[in-house]
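Enquirer: One letter stands for each residue in the lines below.
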Amino acid sequence: MMGSAPSDLLSREMSAGRLRVFACDQCGRPQHPPRPFCPACSDSQWHLVDLPAEATLVSWTEIWDRDRSQLVRPAIARFAVDHHHTVDLVGWLEPSAREPELDASLQVLLDTEAQGGAPVRLRLTGAEM
Amino acid sequence: MTSAEAPAIVGLGVAPLHPQSGRSAGQMALQAATAAIKDAGLQATDIDGIATMSRDRGLVVSFDEYGVDLCDPLYLGQSLGISTMRWSLDLASGADAFSAIQAAVHAFSAMACDNVLIVTTMKSRRRQFPQVPPFAGDRRFVAPYGLRRPVDFAALYAQRYMRERRFSSKLLGHVVLNNRRWASLTPGALQREPLTIEEYFDDRVVADPLRRLDCDTPVDGAYAFVLTRQASIPSMSSLGRSCLVERVRTGVGPGHGIESFWAELPSTAIHHTAHEFWEGLEIAPADAQLLQIYDGFSFLVPQWLEALEIVPTAGMEVFMAEHAASTDAFPRLNTFGGSLSHGRAHGANHIAEAIAQLAGRVSEPERATACDHVLVTFGGILSAAAMLLSRG
Numbered sequence: 000m001m002g003s004a005p006s007d008l009l010s011r012e013m014s015a016g017r018l019r020v021f022a023c024d025q026c027g028r029p030q031h032p033p034r035p036f037c038p039a040c041s042d043s044q045w046h047l048v049d050l051p052a053e054a055t056l057v058s059w060t061e062i063w064d065r066d067r068s069q070l071v072r073p074a075i076a077r078f079a080v081d082h083h084h085t086v087d088l089v090g091w092l093e094p095s096a097r098e099p100e101l102d103a104s105l106q107v108l109l110d111t112e113a114q115g116g117a118p119v120r121l122r123l124t125g126a127e128m
Numbered sequence: 000m001t002s003a004e005a006p007a008i009v010g011l012g013v014a015p016l017h018p019q020s021g022r023s024a025g026q027m028a029l030q031a032a033t034a035a036i037k038d039a040g041l042q043a044t045d046i047d048g049i050a051t052m053s054r055d056r057g058l059v060v061s062f063d064e065y066g067v068d069l070c071d072p073l074y075l076g077q078s079l080g081i082s083t084m085r086w087s088l089d090l091a092s093g094a095d096a097f098s099a100i101q102a103a104v105h106a107f108s109a110m111a112c113d114n115v116l117i118v119t120t121m122k123s124r125r126r127q128f129p130q131v132p133p134f135a136g137d138r139r140f141v142a143p144y145g146l147r148r149p150v151d152f153a154a155l156y157a158q159r160y161m162r163e164r165r166f167s168s169k170l171l172g173h174v175v176l177n178n179r180r181w182a183s184l185t186p187g188a189l190q191r192e193p194l195t196i197e198e199y200f201d202d203r204v205v206a207d208p209l210r211r212l213d214c215d216t217p218v219d220g221a222y223a224f225v226l227t228r229q230a231s232i233p234s235m236s237s238l239g240r241s242c243l244v245e246r247v248r249t250g251v252g253p254g255h256g257i258e259s260f261w262a263e264l265p266s267t268a269i270h271h272t273a274h275e276f277w278e279g280l281e282i283a284p285a286d287a288q289l290l291q292i293y294d295g296f297s298f299l300v301p302q303w304l305e306a307l308e309i310v311p312t313a314g315m316e317v318f319m320a321e322h323a324a325s326t327d328a329f330p331r332l333n334t335f336g337g338s339l340s341h342g343r344a345h346g347a348n349h350i351a352e353a354i355a356q357l358a359g360r361v362s363e364p365e366r367a368t369a370c371d372h373v374l375v376t377f378g379g380i381l382s383a384a385a386m387l388l389s390r391g
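From first to last, the protein sequence lines are chains P and F.
Using numbering that gives the first Met the number 0, you'd call the opening residue of the first sequence number 0 and step up by one each time.
Using numbering that gives the first Met the number 0, you'd call the opening residue of the second sequence number 0 and step up by one each time.
Please note: incorrect hints may appear among the correct ones.
[Stated by the list, open to error] Residues on chain F that point at chain P, a partial pick, calculated with CB under 7 angstroms:
1) 17
2) 137
3) 139
4) 145
5) 155
6) 202
7) 206
Honestly, the hints are just simulated from the structure, not real lab data.
Every residue gets a Cβ at the ideal spot worked out from N, C-alpha and C, and that includes glycine.
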């Protein structure tokens, strides 16, 4: 499954509304970004697994874009793939009236219309928009 | 390795830091190298090993009237007239001069060479980080979300670290103030204007929680060190046995590349390097009377102090507040201004300050510190190093 451009495949999946990462055929460990060999067992066969629509907030920052016209909030979200494995992805942390906290619960949304290859949106669970 | 067997740094040379010197990397490297060799009391022909950090290679290679705008063992060897080079190393990554010193120590153990010249060169040209699509490889999963510069990634680490430890943002201000206070007393430091905590908080946030003042700034310059096997310390060296390399450790973080490195956050290469650093030494953390702690980003300083068991987490806020308020606080920290105020020299200026203090070469009475042991560190997130230098 890991062809010459596995990251292309993941991007196409996201564009189609499916949030997925690769997991090792041998040990089941998810790996993101993609790697040729599993860091846990060295196997090189992979399959795609769906990520849940819930995650927890690992960290975040606020950055002004280059012309200081827009404030963006990239964040790291941690997904439980199964009982043994987690995987981390970057997404946009949506504006909220509530101050983010470490390990806060997140609702994960995929914006298939998003421009620029950044479709992952993270919403603090219970946050008012 | 005992002190009696420890290699010694016997020569130090500098091409002074400058915001934009207009000089080539080779020109600055040769200035520092010739000064270090002279300081060691050696001739260039006595050098039989060279290590360089040409980390700019592949980004920009330009040519000017002084030759190639990079610095590698071949260029240095030819330019200095070194005919017998028995060992060489050109580092493209790792812990910069610290990795080179560690490698030279191993080379001495293998009897590969006797006198190693280590040169690290900085060019202030700003690296160009991709700002627009298409982003390749791992970067395509982070750059579209605005994570493009090192400070953007550092901010994610800092956010998690500061909140986990329940540190206030004033802590980082105190790191900056401590360094600026010392820089104001240090000739050659690039930022010497006095600073208040109010001015720190008024500074622009670059990537929350990091302000512009929490980040070092690029400079031009070069540092060179001559490292010698203990048994062959040259009699003409002005440093003599004043600067022995008791221990040097390097480490890398648990991931590959800054884009795929979150799993152990906020643990970084610092923690891998600091682990068991003191084991087997007769010197305890409290014996280091002087600390030159890497501060490419301000939040790395408390991480280092904590990981190396210098300051307990619970005492960090008080420790840094005391250091921000007075030069009398002990142990002294970054007595030259650190990367934040002296300039981004990838830790080479931290080593140079340690050498100068151990050798009694610091001429400003407010900065001169009587010490037998100096702890020096470098790096943080991806690669890191810690080194203990002692007077022989």
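Enquirer: Please go over all the hints and tell whether each is borne out by the structure.
Expert: Results of checking the hints against the structure:
1. 17: violated (27 angstroms)
2. 137: holds (4 angstroms)
3. 139: holds (6 angstroms)
4. 145: With Cβ-Cβ at 4 angstroms, under 7 angstroms, it holds.
5. 155: Where the cut-off is 7 angstroms and the nearest Cβ of chain P is about 4 angstroms from residue 155 (chain F), the hint holds.
6. 202: Status violated, d = 14 angstroms.
7. 206: Given a least distance of 5 angstroms, the restraint on residue 206 (chain F) holds.
In the structure shown, a violation is registered for the earlier hints numbered 1 and 6, in ascending order.
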